[in-house]
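Protein sequence lines correspond, in order, to chains A and B. Per the working numbering, the very first residue in the first sequence carries number 19; after that it's consecutive. Per the working numbering, the very first residue in the second sequence carries number 245; after that it's consecutive.
Note that these hints are calculated values from the structure, not bench results. Note that this is a predicted model, so its numbers are computed, not measured. For every residue, glycine included, the Cβ atom is placed at its ideal position computed from N, Cα and C. Among the hints, erroneous ones may be present.
[To be verified] Under 7 Å between C-beta atoms, here's a sample of chain B residues computed to sit facing chain A: (1) Asn-275; (2) His-289; (3) Asp-336; (4) Thr-341; (5) Arg-344; (6) Gly-348; (7) Gly-350.
[As the list claims (entries may be wrong)] DSS-like mimics (lysine-lysine), calculated; alpha carbons at most 25 Å apart, straight line: (8) A:Lys-62 with B:Lys-313; (9) A:Lys-80 with A:Lys-62; (10) A:Lys-62 with B:Lys-270.
Okay, here's what each chain looks like letter by letter:
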Amino acid sequence: NAGVMQNPRHLVRRRGQEARLRCSPMKGHSHVYWYRQLPEEGLKFMVYLQKENIIDESGMPKERFSAEFPKEGPSILRIQQVVRGDSAAYFCASSPAAGSDTGELFFGEGSRLTVL
Amino acid sequence: SQQGEEDPQALSIQEGENATMNCSYKTSINNLQWYRQNSGRGLVHLILIRSNEREKHSGRLRVTLDTSKKSSSLLITASRAADTASYFCATDRVGSTLGRLYFGRGTQLTVWP
Numbered sequence: 019n020a021g022v023m024q025n026p027r028h029l030v031r032r033r034g035q036e037a038r039l040r041c042s043p044m045k046g047h048s049h050v051y052w053y054r055q056l057p058e059e060g061l062k063f064m065v066y067l068q069k070e071n072i073i074d075e076s077g078m079p080k081e082r083f084s085a086e087f088p089k090e091g092p093s094i095l096r097i098q099q100v101v102r103g104d105s106a107a108y109f110c111a112s113s114p115a116a117g118s119d120t121g122e123l124f125f126g127e128g129s130r131l132t133v134l
Numbered sequence: 245s246q247q248g249e250e251d252p253q254a255l256s257i258q259e260g261e262n263a264t265m266n267c268s269y270k271t272s273i274n275n276l277q278w279y280r281q282n283s284g285r286g287l288v289h290l291i292l293i294r295s296n297e298r299e300k301h302s303g304r305l306r307v308t309l310d311t312s313k314k315s316s317s318l319l320i321t322a323s324r325a326a327d328t329a330s331y332f333c334a335t336d337r338v339g340s341t342l343g344r345l346y347f348g349r350g351t352q353l354t355v356w357p
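Isolated chain A, as found in the complex (with noise of 0.2 Å):
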């Protein structure tokens, strides 16, 4: 049973463009949660996503932020428009379906955004 999947793993980006991080997550799971994480710092949440829904993304930037999680497919968090700040480890979580109430986070490897 493959775990909360990630891609890419490392990806440099230049001031303007546009990064792309996906992440599938655990098989039988439908909830889905974008974190950040700084340099020596903890997580931070941004986004909490089921298939087709935005759940809550009050932890997201308003602008040059946004995510996705298709029907079909794996969930998107899209950033435009990089800047050096934004620079971080992106982590994907999931969670099981209603009915599990442990409360655990399953998450991925990361995605580590270098913006130059």
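Model the placement of chain B on the given structure of chain A, informed by the hints.
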């Protein structure tokens, strides 16, 4: 804002010794979780303790929770070099979105062989 705050920020011990990390938080919680992160890797869930629990064990891990002091501790007994990693506490706040966790900055544990 950050929710959990771990201390110490860094801890260096010898193999076989016990490692204790602490976490404090500010608001009411449903549960508190500890995660481990190896350098350059993702987070791995270690243990979850609910707000109505005071102590929990899992293998060499022991977690305590004191809701009156809004604090938790993670004890790793008989540490091994392979325990070297960053350890984060994360809180599930009362009233917060399902799965939205608030992480501290972490404790960097180094275990010397």
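Evaluated hints:
no.: 1; hint: Asn-275; in the structure: holds, 5 Å
no.: 2; hint: His-289; in the structure: holds, 5 Å
no.: 3; hint: Asp-336; in the structure: holds, 5 Å
no.: 4; hint: Thr-341; in the structure: holds, 4 Å
no.: 5; hint: Arg-344; in the structure: holds, 5 Å
no.: 6; hint: Gly-348; in the structure: holds, 5 Å
no.: 7; hint: Gly-350; in the structure: holds, 6 Å
no.: 8; hint: A:Lys-62 with B:Lys-313; in the structure: holds, 24 Å
no.: 9; hint: A:Lys-80 with A:Lys-62; in the structure: holds, 15 Å
no.: 10; hint: A:Lys-62 with B:Lys-270; in the structure: holds, 16 Å
When held up to the earlier numbered hints, the structure conflicts with none and fits them all.
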